[in-house]
Structure formats: structure tokens, C-alpha cells
Amino acid sequence: MTDSIDVALQALATELAFPPTPDLRASVERAIARPARRSWWPSAWPRAVALAVLATLLIAAAATALVIAVPGLRLTFLPALPSPDIPDEPLATRLALGRPVDPETIAVGIPAALGTPDEAYVIGDDRVISLVYAADDRLATLGDSGIGLLVQVIEGALDREQVEKLVASDPGTSVAAVQVGDADGFWITGPPHLVRIIDPNGGPSTLPTRLAGDTLVWESGGVLYRMESAMGLEETLRIAETIP
Amino acid sequence: MEPTEAERGSQVVEDRPPSEAELVSRARRGDTEAFGRLVTAYQGIAFRTAYLVTGEAAEAQDATQEAFVKAYGALGRFREGLPFRPWLLRIVANAARNRRRSAGRRYGLQLRAEEAAPRDAASPSAESAALATERHQRLLAAVNGLSADDRLVIGARYFLDLPEADIAALAGVAPGTVKSRLSRARARLATALGGDASGWLDD
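Line order of the protein sequences matches chains A and B.
Okay, so the first sequence: first residue is 1 according to our numbering, each after it adds one.
Okay, so the second sequence: first residue is 1 according to our numbering, each after it adds one.
One chain only, chain A, in its complex shape (with noise of 0.2 Å):
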């Protein structure tokens, strides 16, 4: 019946109505004609900074069995981890995702498992893009956050180090290779580790670290992907293969 349907459909198009399209150009450019669309992101800092982003893991025994490298990420071993940069703040700030945008707006990096997030925020020239969801039924909070999602998408100059985890050297620590879709990632588990954004000049991150839960991190089309969930591998996995 469904075949039938399909033709039925297909002649219900040519006897709908739509309406006469109005002409919206003067009207979009006289609402886009406003000075400077700029945020109040410090414009001293370096655009180039805004092009990284992620972390760092702390794991000793495991870098030797490394034998992958995702584009984009530095690996780095401590004995012990230092203390993050911003531990306390609220939670945005803590996060250091950078500045709030309207999440209709965002269209790379989407779960279409999960649709539209209930915020974005992007760092500098929207290079960075994170995208937060809410914890609810199906994705667990990450520590007290009430955040059960949160994936960041950064784009571009992967052929440089864009993002730092450093992961100490814990028994409870692990950084597994996994492959997401048709990509070589890692999975990062354990007691947190410290992410930052890495400045592409080699001088020192003028972004803060801060302490990141189990990570599934993948490069895929020249894009870095990092997901940070508290739902374990299968779930994340399950939810980052559906990132168009």
C-alpha cells in the first residue's frame, strides 16, 4: 500500500498550494547591515590559538602499545598529573568551550542520534565548535555537570598538533585504539585527564586546562572529533557513528 502511496504523493505535488514567495533580499540586508558581528572574544589572542583544542592524557605503560596516531592530537605521559588551570569555575568557564551560539545554527559534527544540542559555543573564529547536551534518561551525567554530552569539532591544520592530552601514568588509566566507522581513534578511560588547546606556534597554550572525563577521541575528512561521555565505549561508539 505504501507503493501506492508513493504515487499518490507524487500527485498530490502538483495540486498543492504554495504560496507566492515573498522578496526578503532588502529586508535580510537592511537586518544584516549592522557594524561589526565580532563577539567580545578578546581579539588580542591569536586566531591561530582558536584552531586548537583538546587534551592531553596521562598514561605512562600504554604509550609504547600506541601504534596509531589520529592527525590533530598530542599524547603526552606524565608520572602525575598537574592541577588544571580552572578547576572550581562554573561550568562553561570550566570547560573553557569559549563563546555561546545559537546550537540551530551548528551543522557539522551533529549525532543524528541525538539531533540539534541544547547549547553550542565555539572558540575564536569558530574553528572549535562544541556542541553540549543535556543528561537525561539516555546519556548519563558527566560528574556533577548535568552534562550528558559533549562533543567538540575541530577543523582544519590537522597537520599540526591542535589539541593536548596529557594522562598520567595510572594503573586505572587506559588509551585504547578503536576504530570509529572507517577512522582510527582512541578511547580514553579512567580517573580524568587535563585537555588544552595547543598554540600553533609553539608558544605556551594561553588556553587553561581543565580535567576531562572518558574521551573517545577520532580524526575523520580532516576534521578532529573529541566526544566526552560518562556512558562508556559501546554507547559513545554507537552515538559517534552517527556524526554525518
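Because the hints were derived from the structure by calculation, they are not lab data.
Note that the structure is predicted; figures quoted are calculated from it, not measured.
Check the hints yourself; a few may be wrong.
As the list claims (entries may be wrong) - From chain A, some residues computed to sit far from chain B (all C-beta separations above 10 Å): (1) 100; (2) 108; (3) 118; (4) 134; (5) 138; (6) 141; (7) 179; (8) 182; (9) 213; (10) 231.
Stated by the list, open to error - Derived coverage of chain B by chain A (criterion: at least 3 residues anywhere in the stretch with Cβ under 8 Å from a Cβ of chain A; other residues may be distant): (11) 40-49; (12) 57-67; (13) 77-90; (14) 168-182.
The beta-carbon is built from N, C-alpha and C at its ideal position, and this holds for glycine as well.
Given chain A's structure and the hints, the job is docking chain B onto it.
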């Protein structure tokens, strides 16, 4: 709307119209005139997409205008090199959904006036046409009764003739899942039509 072949043909070679990518690139640098040309090119499909969701022209117009302004503000987030239309239509659909959600009254798609008008059933051909109209009205009522998501994928596929990549963007799903989404939406339409659906193509 993309420029027609006739419009393209009217341009001399030296006056080649800028490509979509060039317009997007210029607009990202703050060129509002370049963005205006994108508005002209895409306002038709954007408005009809919004109308699919709202079912009402004024709401669709407001949603389309709002979406263009949002898209301009978010151009920095648009990945250059990708097609502009799916990204834009996603923003349009979201703006329209929000307007529909906040609107007190529910509207629906309608048939063209001449199709919906009562007909004189005195002749066999007129009787046949009247039956066709009745079927269209029943089918359209069922489409209007679908969930917003189902109506959007059905409308995008059949009424706007959009490709799968655009439907995927509209629905916020992976391109590979569009066929199954459409299939499920048609199945729900069939359920809504109940036993009436078996006779759709009889005459």
C-alpha cells in the same frame, strides 16, 4: 533558486556571475550584497521549506527572514567547500519549527483553489475529477496530521523534490538513513489512511 540557464546565458563571459562558493566567501568577510545575492538565489526553496513546517504564509515568511539573518551571523561556522543549501535549509527548518511550536493555532498545507473547488459532477469526466479531488483532500489531511518530523521529510521529498542530502540536513539525520525515514513516514501515512488507502489508484 539557482539562476536559470537563460539567465546564465544572458551573461557575457567576462561578466561571469560569482559562484556560490565565492558569494559565501565574500559574505563571510562581511559583504552584505554578496549575501543578498544568496538570499535571492535561495529564498524560494527556503520559503517553501518553512511553509511545509508552518503551513501558514506569514509565519513562513518570518521564519525564512529570521533564518537568513541567523545564517549570516553563523557563516563563520559554515564549512567552506560544502554546499550552502542543505546548511541553510536546516536553519530554516529549525526556525520554522520554533515558530510553529509557539503559534497557538495549527495550520496545514492546502490544495490549489481550482483543485479544491467543488465541481459539477454531471459528466463522467467531472465525476472522475471530483473523486480525484476528494482523494487528494483525504491524503493531504493525513499528511497534515503526521508528526512535524514525518511531514517535513514527506514534504521535502514529494512536494519540494529535494535530494537526500538536503532532506538529511533538514531532518538532522545521516544521509544514509533518509530512505528508511521516508519509508517509516509513508507507513504511518498508510496507517492513518486506514482501509481507505487501498483504493488510491483505482481510477
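Okay, the hints, checked on the actual structure:
Every beta carbon of chain B lies more than 10 Å from that of residue 100 of chain A, the smallest distance being close to 13 Å; the non-interface claim holds. Look at residue 108 of chain A: its CB is around 6 Å from the nearest CB on chain B, not clear of 10 Å, so calling it non-interface is violated. Distance check on residue 118 of chain A: its Cβ is at least 13 Å (rounded) from any Cβ of chain B, clearing the 10 Å threshold; non-interface status holds. For residue 134 of chain A, the condition that its CB be more than 10 Å from all CB atoms of chain B holds, with the nearest at approximately 17 Å.
Residue-level check passed: residue 138 of chain A sits 16 Å from the nearest beta carbon of chain B, beyond 10 Å. Against the 10 Å criterion, residue 141 of chain A stays outside the reach of chain B, whose nearest CB is about 23 Å from its own CB. Every Cβ of chain B is farther than 10 Å from the Cβ of residue 179 of chain A; the closest lies at roughly 17 Å, confirming the non-interface assignment. Its beta-carbon lying about 14 Å from the closest one in chain B, residue 182 of chain A satisfies the requirement of being farther than 10 Å from that chain.
Even its closest Cβ contact with chain B, about 26 Å, leaves residue 213 of chain A beyond 10 Å, as expected for a residue assigned away from the interface. The non-interface label for residue 231 of chain A is consistent with chain B: the shortest C-beta to C-beta separation is roughly 19 Å, beyond 10 Å. Closer than 8 Å: that is the beta-carbon criterion, and the region 40-49 of chain B has 5 residues meeting it against chain A, so the requirement of 3 holds. With 5 residues having a Cβ less than 8 Å from any Cβ of chain A, the region 57-67 of chain B passes the three-residue criterion, so the hint holds.
Here the region 77-90 of chain B counts 6 residues with a CB under 8 Å from a CB of chain A, which clears the bar of 3, and the coverage holds. Judged by the Cβ-Cβ criterion of 8 Å, the region 168-182 of chain B is covered by chain A as claimed, because 7 of its residues qualify and three suffice.
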